[in-house]
Amino acid sequence: MDGDIAGQHAIWMHRLAVKRDRSAFAELFEHFAPRVKAYLMRSGSDAEAAEELMQEAMLTVWRRAESFDASQASVATWIFTIARNKRIDVYRRSNRPDFDKNDPALVPDAEQQPDDAVAERQESGALRNAIAELPEEQAKMLRMAFYEDKAHSEIAEETGVPLGTVKSRLRLAIGRMRKIVTDLEPSS
Amino acid sequence: MSTNMQPHHHLNDEMLLDYAAGSLDEASSILVASHLTLCPECRGRLRSLEAVGGMLLEDIETTLVSEDALDAVLARLNEPESPRSAIDESIRSSKGTAVLPSPLRQYLGGDLADVQWRKKGGGVSMAEIRTSDDGPRAFMLKVDPKRAVPQHTHEGNEFVMVLTGGYSDGAGHFVRGDVEVSDQTVVHQPVADAGEPCVILAVMDAPIRFTGPLGRILGMFVKL
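Taken in order, these protein sequences are the chains called A and B. If you want the numbering used here, it's the position in the first sequence, counting the first as 1, plus 6. In terms of the numbering used here, the second sequence has 51 at position 65, counting the first letter as 1, and numbering is strictly consecutive.
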């Protein structure tokens, strides 16, 4: 079921990128706008600011539609990165340094697999199961790290869990997901 | 310089997770983005961590948006975007060649040849990188071939990434793209390889402390 939803999102994104299709945009908006707003509120903005920033983020979805690459990320992941970057721009008033895939200094990926988009969706499903099966204490740390813009020391302070334990729970959570997604594994 | 060699010393999970979540400070993010430029493997790890963010977004308890939100956005679809500055664009494309990764070039306003070095003595030069937050500091160090950075330790964490040349310390040998993390428990005296100067990007969340006799004297003059 989840795979179908992700597939449907990708189809809408494609229609948006290729045909500037407003009805496809409306579909994506209906699904993602309430999620993006919720994410922004969880990470510290009030309802009014979150609404405004959500609209900015969705406008960016429209403008950058052709840069969406289904072999690299799901639509949800891509929109998450847009919302995250908006949050950093506006609330921290700081830059978010990012790599540029057209940078002449870039060391390119090894040759692409032709069925990357399919592999990406299979991997997503596996990752989703891995997250669903995390012990609650680990899942909670992961949500705090992602939603609430919290440094590990702040998570420790707020939950009363020692810093070392916060770090080890996050490491365990990543470790569990790593078993599923080989991409998470560094070679050395 | 073998520019297409992949690094062997990678970003740790903690930095990459915080970068994916968007909670990493600006100076450390410059280092992360610079490493990502040179490391396809860590770009893959980042994609997976961002996928976790995407899934958490998918599963989040939703919030009602304003009734006219969609119309408000649809009305703005043809609004012109504020263009990137011309300087920005020229730094980005950099005429097909670049030594420094693009995130660093943007902060420096140019490539390695344009860096304004300040000599610190002992074959070491330094260039500060200005960030807009008040978090950890970022700077570049250039160490002449075979020269050593005086033995030191750290009151906090030190993150280093090699940009040109290489160096060795107790933990190993580090070349372009390699990342080394040192904390209070590490006392080291990195020595630059023979050949070209070793240029590194360093990020520190607290001052370093020189521990050797020469370093202690140097420390009085050299504010690293």
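If you are wondering where the hints come from, they were derived from the structure by calculation, not from laboratory data. Where a beta carbon is used, it is the ideal one built from N, C-alpha and C, also for glycine. Please note that the accuracy of each hint is not assured.
Stated by the list, open to error - No more than 20 Å apart at the CA atoms, straight line, and that leaves these computed lysine to any residue pairs for SDA-like:
no.	chain 1	residue 1	chain 2	residue 2
1	A	146	B	46
2	B	106	B	65
3	A	92	A	40
4	A	107	B	65
5	A	25	B	139
6	A	92	B	154
7	A	107	B	106
8	A	173	B	167
9	A	92	A	68
10	A	25	B	-1
11	A	92	B	111
12	A	185	B	46
13	A	107	B	157
14	A	25	B	82
15	A	173	A	115
16	A	92	B	33
17	A	107	A	74
18	A	107	A	136
19	A	173	B	65
As the list claims (entries may be wrong) - Taking beta-carbon pairs under 10 Å as the criterion, some of the chain A residues facing chain B (in silico):
no.	residue
20	11
21	69
22	106
23	109
As the list claims (entries may be wrong) - If you want the footprint, here are the derived chain B segments under chain A, 3+ residues with CB under 8 Å:
no.	stretch
24	52 to 63
25	128 to 136
26	144 to 158
27	168 to 179
Violated constraints from the hint list, given by number and in increasing order: Failing hints, ascending: 2, 4, 5, 6, 7, 10, 11, 12, 13, 14, 15, 18, 19, 25, 26 and 27.
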